[in-house]
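> Sequence:
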Amino acid sequence: MTTSHKQAPAFRPDWAFLMRHPAHLLAFGFGSGLARKAPGTWGTLVAYPLFFLLLALGAGPLLISLLCVPLFVLGVWACQKTGDALGVHDYGGIVWDEVVAMLLVLAWAPAGWAGWLLAFALFRLFDIVKPWPIGWFDRRVHGGFGVMLDDIIAAGFALAVQALLASWLPV
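Numbering (the UniProt record's numbering), first residue to last: 1 to 171.
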């Protein structure tokens, strides 16, 4: 099936669609991508409970970062499968890319509400604005890998700025 980058699917995905295949449920961030307004933002928020669970289990930044590698690979598969089913390469409701990228940013965020808020703001900024080279990759790399790639690059930008600003955060 040929998929397009920025067109609407032939049908509006719903819970029934998500339940048809585990890839759809994952790609839609366990349902957060069904939000009619700002699904990417809702998908980004899904990373927080995962992050806090990993923290509670004793995972540190390096372990969480390493966990993002298989989650990225899983996302390539899930986003490709879901994009193919929808007939749309990067449908807005596909948010697993935001979940994984935000989890990576949170892994290195300064501990505390200010650091976690900064991580959110920076990641959303770079994911939405898509400065070069993020936008370049977003337009040119397609399929599940392309869906995942531009958000990981946005996470890299967020991590760099986060590192620069971390010392000015309230404790």
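Be aware that one or more of the hints could be misleading.
Said to hold, decoys possible - The calculated DSSO-like cross-link candidates involving lysine-lysine, where the alpha carbons are at most 27 Å apart (straight line), are: (1) 37 <-> 130; (2) 81 <-> 37; (3) 81 <-> 130.
Keep in mind the hints are simulated off the structure, nothing from the lab.
> Tell me the hint numbers this structure goes against, listed in increasing order.
none
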